[in-house]
Structure formats: C-alpha cells, structure tokens
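S.K.: Residue numbers (this note's numbering), protein chains in the order written: chain A, 40 to 162; chain B, 40 to 162.
A hint or two may mislead.
The calculated DMTMM-like cross-link candidates involving lysine to aspartate or glutamate, where the alpha carbons are at most 20 Å apart (straight line), are [unchecked claim]:
(1) B:LYS100 to A:GLU150
(2) B:LYS155 to A:GLU101
(3) A:LYS64 to B:ASP112
(4) A:LYS100 to B:GLU101
(5) A:LYS155 to B:GLU103
(6) B:LYS100 to A:GLU158
(7) A:LYS151 to B:GLU101
(8) B:LYS155 to A:GLU103
Source of the hints: derived by calculation from the structure; they are not laboratory data.
Number of protein chains: 2
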Amino acid sequence: MNTESTEPSPFICGLDASLRIIGGKWKPLILFFLGHGPKRYGELKREVRGVSHKMLIQQLKELEAHGVVLRTDYKEVPPRVDYTLTPFGESLIEAMVPLCGWGERNSEVIEKVISKRKEGASS
Amino acid sequence: MNTESTEPSPFICGLDASLRIIGGKWKPLILFFLGHGPKRYGELKREVRGVSHKMLIQQLKELEAHGVVLRTDYKEVPPRVDYTLTPFGESLIEAMVPLCGWGERNSEVIEKVISKRKEGASS
C-alpha cells in the first residue's frame, strides 16, 4: 500500500473498500441468506433473526443502491416483492465464503471466548 | 443450517460467528494491518486512518480478550509494547484475504456507487 500516492484513494485498502459495502451488523447476514437464492421480504425477516423491520428495509435499500441487491416488484395483488443478488453481489458472496467457513469451524471456540469476555466484563 | 436443532447455537450461521469476532468498523482493518507483521501501537494508529486513541485501545483489548491478538509489553524504558496476531488470528486473516481482493478489484466501482448514493441522499 502506498499512502503517499498522488491519486489518493478514499479507501485505506481493499478490505476497507469491501467494508463500505458490507459494513454493519446486518448486511453480511442479509447477503449470506440471499446467497441461497431469491427471497421474499418476510423470509429474510425470519432468517435474519433479531433484525427490526425498519433496519432491514434500510439495509436492503442501501444494498440495492450499491448495486449488490436487486428488488423486484411483481405488481401483483396481494403484493409480491422479492430480493435477489446481482452478479456484483454474487461475486461479493463468493469472497465471503471462507469467512463463513472459518466461523463454522471455530463456532465453539468463538462461543467460549465471547462468553468468557462477557463474564470478565461483568465481574 | 438447521434452525430446529435441539442444541440451539447462539449464532445464526458461520458468518454470524465470524462477525462476533471481527464486527464493527475498525477490527477488520486492525487485523489486516497486523497481518503484515507485529506492530507497535503508534504504527497501528497511523495505519488505521481516522481511528481515535480510545477506540483503537478498546478494539485491541477486545481482540486480545477474544484470543485473536497478543499484546506484548517488553517492560522497557521508554515503554515498548507491540501487538501481533495469535495463530487463531492468523487463521482468521487467511479467511479474510478473498474479501480484501474483492475490494481491491472493485474499488473503482465501489467508489462510484458510494458517491452516487451520497448524492442521491443529499438531493
């Protein structure tokens, strides 16, 4: 990385650039579930446990504006709207796969260090 | 993913587990720079552009408590303290490499969609 470049990038590094798109608590999870195929809003809401309606709508709007997610309104009655990944979003998901694998392989360790940390903080 | 497991995991999925460790704006960047080798506090502070002293210290403490980062105090005068990745942290960094690459390859697109989004928000 050349921090003295004459054409300054707005990003510290490639990871920083990625984080501008997926940053935050919910976006990676939304993308993860959309990686399994198109989803209706209600499905996503159930899968992304704990997200509020307002937050989910806001995150989906941002992902759509950033070209990662496509929202399709079928103009039906009752309304049918679904969300799917764009090719740009698909390429992003692929880059996130190893991180999913790491979390799966280490979930027990992670659970342990997190609960230990919480105990430490409350004592 | 089996959401009806009899032993409920505290994590929605592997990605969720990973995010408990690297979640937030600064941790992935701190890890990225520590991936280049041990760093003294001042070096990290310069590299992770824009992070405040208080925030950096707090994030490093959490990463240390989670077993990702090792803090070494050499008990010297003037004080010398450095931060390095643990083997657990090294394995995490490896899983983040594709995401760094994705951001690098797409940095121009990302810059464009982000600035477009900002214009849209202010108009």
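S.K.: Decide, hint by hint, whether the structure agrees.
M.R.: Verification of the supplied hints:
1. B:LYS100 to A:GLU150: 18 Å, holds
2. B:LYS155 to A:GLU101: 11 Å, holds
3. A:LYS64 to B:ASP112: With Cα atoms ~33 Å apart, A:LYS64 and B:ASP112 exceed 20 Å; violated.
4. A:LYS100 to B:GLU101: 31 Å, violated
5. A:LYS155 to B:GLU103: Roughly 12 Å between the alpha carbons, so the hint for A:LYS155 and B:GLU103 holds.
6. B:LYS100 to A:GLU158: 15 Å, holds
7. A:LYS151 to B:GLU101: 14 Å, holds
8. B:LYS155 to A:GLU103: This hinted pair holds, its Cα atoms lying about 12 Å apart.
Going down the numbered hints, you'll see the structure goes against 3 and 4, while the others check out.
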